[in-house]
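J.: Sequence:
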Amino acid sequence: MQVYAPQEDSFLLEEEIKKENLSEKKCLDLGTGSGIQAKAMFFSNAKKVFCVDVNYKALLLTQKNLLEYKDKFVLIESDLFSSLKGEKFDFIAFNPPYLPSDEIKWKDLDGGKKGRVVINKFLEQLSDHVNPNFVVLLLVSSLNNEEEIISFLEEKKYCVEIVSSKKLFFEELFVLRITAC
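In terms of my numbering, the sequence shown has 363 at position 126, counting the first letter as 1, and numbering is strictly consecutive.
Simulated from the structure, these hints should not be mistaken for laboratory data.
Cβ coordinates follow ideal geometry from the N, Cα and C atoms, glycine included.
Any given hint could turn out to be false.
[What the hints assert, rightly or not] With a straight-line cut-off of 25 Å between C-alpha atoms, the simulated DMTMM-like cross-links for lysine to aspartate or glutamate are:
(1) K309 / E324
(2) K294 / E245
(3) K256 / E391
(4) K256 / E245
(5) K403 / E257
(6) K358 / E384
(7) K358 / E383
(8) K284 / E305
(9) K263 / E251
(10) K393 / E361
(11) K309 / E261
(12) K404 / E257
(13) K284 / E252
(14) K255 / E305
(15) K255 / E398
(16) K404 / E251
[Said to hold, decoys possible] What follows is a set of in silico ranges between Cβ atoms, one per label pair, in the way DEER data are often shown:
(17) S260 / S319: 27 to 33 Å
(18) C396 / K358: 17 to 23 Å
(19) E324 / L297: 18 to 24 Å
(20) D308 / N370: 22 to 28 Å
(21) K404 / K256: 18 to 24 Å
(22) F406 / E252: 18 to 24 Å
(23) E261 / A417: 14 to 20 Å
(24) F406 / V311: 34 to 40 Å
(25) L297 / S260: 25 to 31 Å
Please model the complete structure; the sequences and the hints are all you need to start from.
T.: As structure tokens, this is what we get:
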């Protein structure tokens with residue numbers, strides 16, 4: 238399994254993380270890949286970051302890329318929250334695999350039906366892993382029908398806003414900022 242190299246989606250999410258004040262926050266970089274989002278969290282004064290990925294090679298790359306913060310991060314191999322039982326976070330950033338696909342061949346890219354298999358699983362588990370005044374930044378694509386995702390979150394009594402977007406050749410990317418209402 239290869240490690241997802243930062244692309245337009247990664248950079249869009251990174252910029253939004255840098256706008257957050259993460260001082261004294263317990264942070265989670267879910268699907269850490271190269272560690273670009275964790276690094277942005279440290280830029281925003283995060284005290285400690287949990288770097289989680291299903292891909293062990295990604296964790297090794299993240300470790301290499303975050304050497305300057307070696308005492309401030311924890312690496313955990315996990316499929317979403319499966320190895321984080323009982324852990325709750327103040328801030329979560331997630332750039333999920335979101336490309337629509339008939340099957341999930343590439344775990345870092347393929348999102349299954351509507352590109353939402355992983356996104357939906359994440360959203361269903363979210364409430365068990367956030368502290369009361371949490372912030373979640375979630376990257377989604379127009380291919381996933383961002384309006385349906387926002388409606389789902391609002392039905393679950395979350396407040397959601399689109400904080401940034403970027404038009405690409407065949408899609409538009411969105412960063413959703415999710416909080417408790």
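J.: Provide an ascending list of the numbers of those earlier hints which the structure does not satisfy.
T.: Every hint satisfied by this model.
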